[in-house]
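Top to bottom, those sequences are chains A and B. Residue numbers for the first sequence follow the working numbering, beginning at 1 and rising by one. Residue numbers for the second sequence follow the working numbering, beginning at 344 and rising by one.
You may find that some hints are simply not true.
[Claimed, not checked] Which residues of chain B face chain A? A partial, calculated answer using Cβ under 7 Å: (1) 395; (2) 397; (3) 400; (4) 425; (5) 429.
[Stated by the list, open to error] Computed footprint of chain B on chain A, listed as stretches where at least three residues anywhere in the stretch have a Cβ under 8 Å from a Cβ of chain B: (6) 50 to 62; (7) 86 to 92; (8) 101 to 111; (9) 122 to 130; (10) 182 to 190.
For the record, the hints were derived by calculation from the structure and aren't laboratory data. For clarity, every value in this text was computed on a predicted model and none was experimentally measured. Cβ coordinates follow ideal geometry from the N, Cα and C atoms, glycine included.
Number of protein chains: 2
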Amino acid sequence: MVQREGRAERRVATLSDVAQRAGVSLATASKALNGRSEVAPATRQRVIAAAEEISFTPNQLARSLVENRTRTVGLLTSDLEGRFVLPILIGAEDAFGAGRVDVFLCDARGDAVRERHHLNALLERRVDGIIVVGRQTDPRPSLGHELPVPVVYVYAPSDDPSDLSLTPDNRAGGRLSVEHLIACGRSRIAYISGDRSYVAARDRVEGALGALDDAGLELVGEVMYSEWSEHWGRDAAAMLLTKHPEIDGIVCGSDQIARGAIDTLRDLRRAVPDDVVVIGFDNWEILATNSRPALTTIDANMQELGRTAAQRIFEAIDGEVTEQGIHYQPVRLVIRGSTIERR
Amino acid sequence: MVQREGRAERRVATLSDVAQRAGVSLATASKALNGRSEVAPATRQRVIAAAEEISFTPNQLARSLVENRTRTVGLLTSDLEGRFVLPILIGAEDAFGAGRVDVFLCDARGDAVRERHHLNALLERRVDGIIVVGRQTDPRPSLGHELPVPVVYVYAPSDDPSDLSLTPDNRAGGRLSVEHLIACGRSRIAYISGDRSYVAARDRVEGALGALDDAGLELVGEVMYSEWSEHWGRDAAAMLLTKHPEIDGIVCGSDQIARGAIDTLRDLRRAVPDDVVVIGFDNWEILATNSRPALTTIDANMQELGRTAAQRIFEAIDGEVTEQGIHYQPVRLVIRGSTIERR
DNA sequence: AAACTTTCCGAAACCGCTTTCGGTCAGAGT
DNA sequence: ACTCTGACCGAAAGCGGTTTCGGAAAGTTT
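Using the sequences provided together with the hints, build the complete structure.
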């Protein structure tokens, strides 16, 4: 029988090669390399040396097959931009790091068919768990409960309350924004939001209004809803300031909007933060740190979200009773020049 | 022997379950599901039906083990931002899509140790190939030639010429920028670059200067080198315009810089594009489309890069002779409002 | 010195699948 | 009626590991 040439068949070393070289049996070699106790120190050394000499790389496929776990979790995202999924990936890798688990990232690009396909690919590869990341905080369809592995939804919660979802606490974020502006001595506060159809937009507004109410203040003007863009931030700010020149603080639904608002303020020769303070949402570094002045904003702690998701997956794998429902994770105020005067 | 409870051991269906249910042997079931010809149509139908009934999901681990290929490639990146790696991932997935290959993404975060670790993880999982993505176009250390799988370097080329690297043609990009400004009727062109220590910065400048030379023009002022930031773009533009008020076109080393430059032009009440045209580099959508006016820029065709990388991996897997060296991939001019007057 | 432990090792089963290869059996050829 | 083909199917041998379990050798007790 002719060996098919073509594929660069540089045969990789196998455990029996190691065993043979060390003069022990397959079983002993395995035990030696896995740190099992039933093997004499001298033997173990011999095996390890042999393995190194032929640069043996254990075949995880074989191992996974028998152990019935792959030490791999799937990260199924539809966030093509990557601004949410990458921090989450990093957080998850950190949390898994200790357990030598790796993360398999699939990008469904917001396409249900592709998502189905990738889900299937993950299941066929027998991942131990799946983290689903959406690109907005609106509820998304559940993957269902027939899955043989634990699933955690991050950022976009599942629409099925018996799934476990982790999502940033937008309401708290909105509240935090307003409280910060008040702490900055402002009382004539306006709000430029994004697309009203987003839960995130509404939740943030709700939190903000709550905080204003608690402080006995009223919003200046109406909440301005439109789209999540710098363009809208500019236009909305212009409209607001024309109608309500007394405004001394603007809460924005996103960093993009905030940048637009700051742009307009600059055009209008209103100093930030002296005359008007501005706060954004997301802490999208590239936007927040490059604006003039740098943008105070709310960080949704994506990395932490990823870490927590990983832990929940772990717990579920280990058979602990799985939690359910939407868990709102704390957000964090990041103070920069747009609210606090730089010295 | 007590079955270990704990892990949600919902036993997943196996091929023998299918075989049994369909009343055929394991071998026949396998053949039926894989579309092999040595099985009668009726039998095949029976097997397929059985598989569906118990929602059989083939175990790729087992399959990979025997086929000696995983239909998985690793994407090893150090681009935490994700602005390069995600388009590349998408391109690669597209190219592989047909062959039902999936991509395993690992983020080394620019850390050599982590990179080593992930590389090992990929090899243990027996990926069929590896795509290495850097976050800048400077050469990076090769992973070496001892690897049992094909490797393609993307964006950041390998420092070993016998590796295959795909990187955008920054020189052509620089040239394209200048040619476009000239086509816009400009002749007093300045250049704001980024960090001089980056090959990308120097290559782009080189291309630009070449194009100027070909047109019989001279650069206005010196090439300004500093950092890749909006801040620098603002400052550099201010300096340039003070010293050389005649400038009617600015080539920028990145979109960030270009945004800064546009900002300054706005402050100075110089109209873009009427008085001065500006061109960036990268086509980083979030920056380019939100500036006032939107930014004309050079797109490095990352997605195409990913697709090509995937194809090269395929070829190498199939045993075709592998190419070597650094291949400079074409870039593309994206025209927006900062160079062409909007109607 | 006999009996009993303990320590260390290896044969073999198994994980879930693919593939080879020999066997059955129906229909075709003569 | 009898061989000869094919077409179809299944037993069994792996793929590269882990793990069980029995046994040999060495050390401990009496």
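Taking the hints in turn, this is what the structure says about them:
1. 395: Result: violated, 13 Å to nearest chain A Cβ.
2. 397: It is violated, given that the least Cβ distance between residue 397 (chain B) and chain A is near 12 Å, above 7 Å.
3. 400: Constraint on residue 400 (chain B) satisfied, holds at 5 Å.
4. 425: This hint holds: residue 425 (chain B) lies near chain A, its Cβ roughly 3 Å from the closest one there, short of 7 Å.
5. 429: holds (5 Å)
6. 50 to 62: holds (count 7)
7. 86 to 92: holds (count 3)
8. 101 to 111: holds (count 7)
9. 122 to 130: Three-residue rule met by the region 122 to 130 of chain A, so holds; n is 4.
10. 182 to 190: The restraint on the region 182 to 190 of chain A is violated, since only 0 of its residues have a Cβ under 8 Å from chain B and three are required.
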